[in-house]
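Asks: Protein chains in written order, with our numbering: chain A, 3 to 264; chain B, 17 to 402.
Treat each hint with caution, since some may be false.
30 Å max Cα-Cα, derived DSS-like pairs, lysine-lysine [unchecked claim]:
id, chain 1, residue 1, chain 2, residue 2
1, A, K83, B, K294
2, B, K137, A, K160
3, B, K91, A, K80
4, B, K243, A, K178
5, B, K288, A, K178
6, B, K144, A, K160
7, A, K178, B, K91
Rough simulated footprint, nothing fancy, chain A against chain B, three-plus residues with beta-carbon under 8 Å [unchecked claim]:
id, region
8, 95-106
9, 113-121
What the hints contain is simulated information worked out from the structure, not anything from laboratory work. Even glycine gets a Cβ: it sits at the ideal position worked out from N, Cα and C.
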Amino acid sequence: MKSLSFDLAVSLIAGIFVCLIVLPMLALFTATSFGELINQFRSPLVLSAIAISLETSLIVVLLALCLGIPVAYLLAMKSFKGKEILDTLVDLPICMPPLVAGLALLILLGGNSKFGSMLRNCGIDLIFSKKGIIIAQLFVSIPFLIKSARNAFESINKNVINASLTLGASKFYTFKTILLPLARNGIYTGMIMTWARALGEFGATSMVAGCIPFKTETMTVAIYQNAMSGELAASTAVALLLLVFSFTLLLIFKSRVRGQAG
Amino acid sequence: MEMGIVLKEISKSYDGLTVLKNLNLEINQGEFHVLLGPSGGGKTTTLSVMAGLTEQDSGSVSIGGRDVSNLSPDKRRIGFVFQDHALFPHLTVFDNVAYGLRVRRIKGHEITRKVEYYLSKVSIAKEKSKFPHQLSGGQKQRAALARALVIEPEILLMDEPMSSLDAMTKESVRDELKSIQQEIGVTTVYVTHDQNEAILLGDRVSVLNNGRVEQIESPSELFHHPKTEFVARFVGIKNILKVSPIRINNHEATVQINNDGLEHPVSIRVKKYPVFEKRKSIDLCIHPERIMLKREDETYAGDLNRIRGKIVKRTNNGNGFMAIVDIGGMTLHASISSDFKVHENVWVCFAPDAPHPLCGKKCREPEQQRKCFVTTQVDRLKTEGC
């Protein structure tokens, strides 16, 4: 009897959790009519926000691959002085509030800083531009790729790598033909997580790139702008689209994780 | 004899822990050399240093007369078979074996010819399209061997490759390995802690302990004439007497047993060996087959040594019974007939020529050599195994 009461209590608490997650999402679906949603998806402003978000987040995933895989390899395979520091730096953007990250980037890249002036003199203007969005999204999302790829590299049997070396393969050939294929699932998972994080990024992006319609207004920024200016239908349309994106990416991620476990 | 591998003064430490201490080892061209020793003795590190997978702190490594001390593994022309097979899980058996050839940019038809040749040599040609997870342990081992051999390495290094195989598979893989090695003539270094494998496979065996080579011999020499107590114990010799000579006559010596734990001094008569005149403390071994147990009321030949004891354990070792007899703080192993019982008081009897020194030299002339436990074991394994 006691056991039954306990199970009931736990189930009730779980029910509260489900409500906490599901009710706000249901609220989104009920906020506006289907026809209005379709109209909003035809709006140039909404379409522009979607395009900017997709473009920047996909570029971020590619950049994260180029930067993150070598860092993940280094952390997984090598012992060196400062490894702990590098490891902490990888974790830092996850723990750091995005607004703090955005402010730091704004100070570094803004025209008042030496680095920002130097970039501007070279014709590179990162503030209030798509490039700024990409930098901000990369800053907050790259740890997900590094951590996932690192775990994947670490799970590879060291003797498999040694076998490749003793068969005459160079380290690069071994990396290309053994490590990358074996870490593939972990890297894919990292890419999905990075993409999801980049798509949902708001704080750092709005600090660095601002909210310029048709130029730097991403989906999350559009949600905020429209909601604040009373355009609830437009805000809801973009939010629902992001929700569908997130849900789909999460499903892919979970199936990947299951695949790895199997 | 041309040298296959020469290790000179190799030392290696990990985090202050010394694993190899000035290790010297010379392995002949074409030899099947076994590194035998307990876990932590430095066998795998030695193999790893030969392969270039571990960098030695000091010393040099030569392969076929070529100094490879500072070369990376990919430039040493070696084949390596790992304990866990280390097959590439995402590649088929064919692609695993072809890997080393593709690294060398060998043409496609030549790759196919060579891979199929070695796959049939190790009897897994039918499995070439399978992935490693679809293979049995023995098949994985064969695939790993084919992968190491197909590149025609100068030396073949094998790190306890059969430790995960069942007894029957182990036997068949072992026989094939020995015949392939003899056919190809590749210098092979094989790491194991299994003395039976060492007997059956090795042309010579090195016993490693605490990062040093304790003894290098042919298997039969090693088992008949261990140099040190460690080697003797490791190759299965149970009875080691630490003695000091009391009296030395023309043909015999009287010695006192000083093993740790012995409660009362015990003197025995033994055959005289030159080492008695050189050293005050000598290790003697007696094979269990040379010990006879007599009941307290039984008569015995007058020239035998006899020590009072009590049987504390009796085991069946597959070929007969073995009694462990407490002689007062230390135990001796004796081969017995089945009618002795545990807790029975007995006389432990042995002839003066039964104990012989652990010096690594022949303690008896060949015509005087008797069949003892180890001789029997070596002969049995050689006959049954090969």
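Asks: Report holds or violated for chain A covering the region 95-106 of chain B, Cβ cut-off 8 Å, minimum 3 residues.
Replies: n = 10 at 8 Å, threshold three: holds.
Asks: Would the pair A:K83 and B:K294 pass a check requiring their Cα atoms to be no farther apart than 30 Å?
Replies: violated, 55 Å
Asks: Take a quick look at whether B:K144 and A:K160 sit within 30 Å of each other, Cα to Cα.
Replies: holds, 24 Å
Asks: Are the Cα atoms of B:K91 and A:K80 separated by 30 Å or less?
Replies: holds, 21 Å
Asks: Hey, B:K137 versus A:K160, does the alpha-carbon distance stay inside 30 Å?
Replies: With a Cα-Cα distance of about 28 Å, the restraint between B:K137 and A:K160 holds, given a limit of 30 Å.
Asks: Within 30 Å, alpha carbon to alpha carbon, are B:K243 and A:K178?
Replies: violated, 50 Å
Asks: Hint check: A:K178 vs B:K91, CA-CA at most 30 Å. Holds or violated?
Replies: Status holds; Cα separation ~19 Å.
Asks: Please check whether the region 113-121 of chain B has three or more residues whose CB lies within less than 8 Å of a CB on chain A.
Replies: holds (count 4)
Asks: Take the C-alpha atoms of B:K288 and A:K178, compute the straight-line distance between them, and say whether it is at most 30 Å.
Replies: This hinted pair is violated, its Cα atoms lying about 68 Å apart.
Hint check: violations occur at hints 1, 4, 5; the rest are consistent with the structure.
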